[in-house]
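Novice: One letter stands for each residue in the lines below.
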Amino acid sequence: MDQTDQMNQSDRTCPGRAYLHGSAGRPSKFCYGKMVFSQPRGDAVTTRHRSKLAEALESCRPVPSAKPNILKTLLAVQSALGHVPTSAIPQIAQVLGVTDAQVAGVLSYYSDLRTQPPGRHLIRVCMGESCTANHGGLVLRAIQEHVRVAVGDRTPGGRFTVEQMSCAGNCAVSPTVMIDEDLCGRVTPSDVQSLLEPYT
Amino acid sequence: MKTARCYLANDTSSRAAGAGRLADAWSDRPEIQLIRTSSRGAFFLEPMVERDTPNGREAWFNVLPNDLPRIVGGVGGTPVAEIPFLQQQARFTFANFGITEPLALNEYQTRGGLKGLAAAQSLSPEGIVEALRISRLRGRGGAAFPVWKKWQVAQQTESEQKYVVANADEGDAGTYCDRMIMEGDPFRLIEGMMICARAIGATRGYIYCRYEYPAAAQAMKFSIQKAREADLLDCDDYPFDLEVVTGAGSYVCGEETALLESLEGRRGVVLAKPPYPAESGLYGKPTIVSNVLTFATIPNILANGGAWHASLGTEGSRGTMALQIGGRVKQPGLVEVPFGLTLHDVLDRFGGGMAPGSRFKAVQVGGPLGSLFPESQLDISICYDAFAEAGAILGHGGIVVYDDETNMVELARHFMAFTADESCGKCTPCRIGSVRGREILERIQAGEGTAESLDLLKDLGETMKATSLCALGGRAPYPVLTAIEHFPEEFKKGLTH
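Line order of the protein sequences matches chains P and B. Numbering-wise (the working numbering), the first sequence opens with residue 1 and increments by one. Numbering-wise (the working numbering), the second sequence opens with residue 1001 and increments by one.
Since the hints were derived computationally from the structure, they do not count as laboratory data. Among these hints, one or two may not hold up.
What the hints assert, rightly or not - Heads up, simulated SDA-like pairs for lysine to any residue below, C-alpha to C-alpha not over 25 Å straight-line:
1. Lys72(P) to Tyr1211(B)
2. Lys67(P) to Glu1243(B)
3. Lys1330(B) to Asp191(P)
4. Lys1492(B) to Lys1426(B)
5. Lys67(P) to Tyr1283(B)
6. Lys1226(B) to Ala1119(B)
7. Lys1426(B) to Val98(P)
Said to hold, decoys possible - Selected chain B positions facing chain P (in silico; Cβ < 7 Å):
8. Ala1016
9. Ala1017
10. Gly1174
11. Ala1248
12. Gly1305
13. Gly1306
14. Gly1327
15. Gln1331
16. Pro1332
What the hints assert, rightly or not - Covered by chain P, per the in silico footprint, the following chain B stretches (three or more residues, Cβ under 8 Å):
17. 1043-1053
18. 1091-1103
19. 1260-1267
20. 1273-1279
21. 1398-1405
22. 1414-1423
Quick reminder that beta carbons are idealized off the backbone N, C-alpha and C, glycines included.
Please build the complete structure, drawing on both the sequences and the hints.
Specialist: This is the structure:
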């Protein structure tokens, strides 16, 4: 398990609002709601993302007289980077001409904006009513047992992140599992292994 | 060799049922030419392959790749016109589904598309609103507000800039008709929005599409570009342009004021009304926010006249409704019928009864905020008035059936947890009450409830109903309270005596 995964594991246990002091040289961080703020984990992350971030921000820079759109900008950043690093908040705020708090507020509000990089493949299991009625819960359990990870976490090695979703709008062919942008319907627990195989 | 011209749906749910695998498997087969259409909504039959015959189309159901010889040979097909699930519907808004290629503007026109817009062009803005008044169309998103009243307010409010916004944040679990419209008949939504723009004097429109619908957003972007290139959007020198904006996973953004906040890029927090968006909405300008299904209903009303629409349905609920049947039924799918059928009729005639091996326990109508109905209450008429009288909602037309394996305490906890997750935080009773409600239910689940637990839950529910600004807090107690009302013994099991 690499350090990033360890951090993900401990993030999950964060209470609503608490300060956590990392052990053994891990940076200290605090979390608010679902969002975890942490110090940048060294330059490796920021260097890799810097040019993509700048590019994404440039495309969202408001023209004079236009109002800045924080959500649109964060979606563009996420689309370019795969997530929105909290270390990028000041830069985003500066480009948009808004406060850091306004950016952080929008970032923490929307559940599809993520501050941690997801695994190479994102598995989202629908927990909508139709999927639940058709035993989607058993599918979720089978997936968790297969990839051995808790909901919201990334597998060691970073192959998968497993999440729940409220409704995929695929209710007539439920239960539904969404892997990246592929939607699979009528999934049973015994389908799980073959379903995940192509995603390496 | 003669090539068989066949049709296969390309919408998200059909692909999820295996349509994509079929198309891949047959991509290099010379004996078949596959046209990718929208889905007819009979999802229990998908993937369904249709083929032209001298007597109209024939269909093969739940097709696997090795069924190709049967289809090419014309063996074992069913005439589409004889499929009972489709036969018994009244398809107007969904008339093109399963027939046309969704992104072909010429096909849309050939099938009667843009006639509503042409009719609107011959009317004054007041004339368009009058047609809607006569039609007695009510908003299909859930609130069921008379559409013409909203449009009249926006029309009469003076402003140099007005907006029209399609609410495509279809968050109610169990509903998918907006997704089907955007993927399957996108020009119908564009036409409806153009008619609205002319009626109120808007020059700019937005489609606020949820993050979970990437294919729908893509289809809308493509269709808007096509309409733009065909000079459709600003025909008659009426300047109008449309843009697709994506949400980021917030249920409450389906509420119009929260949606507009989100459209401006902020947290999707609900605002107090008045002012209503029709007077002061996006960037403080008059804005019509309507559901995708509402806009898609409008072209037919203008083309056929308001009186035509008013002739369908019941006294307080005119026209047709797209009901989306899901859960433990044999035949899940989308059904367009005039208002007035009973819930029992819909489940029986279209749902086809329960899925094999399961027994009925309850049905929920209207998404995660909708009430639960036990078997004894299925004779309720599907219309706004009957549902209002029963303290229930028709919402966006989602119908989810639960079987006898369903644990009602767990289901009630699921609803409270959903509200706790999705509350925007503006109103304390919703923000805190949903968390307390979930905790009470978790205690009952653990067998640690007390004699007061259920009274406390009811009291909490009444407080949330009375003191929340929007339907999330105001309606969240209904599924929980109706679960307790109809299945009290399950809750009492978790109480210590």
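Novice: Taking the earlier hints as the rules, which of them does this structure contradict?
Specialist: Hint check: 4, 12, 13, 15, 18, 20 fail, others pass.
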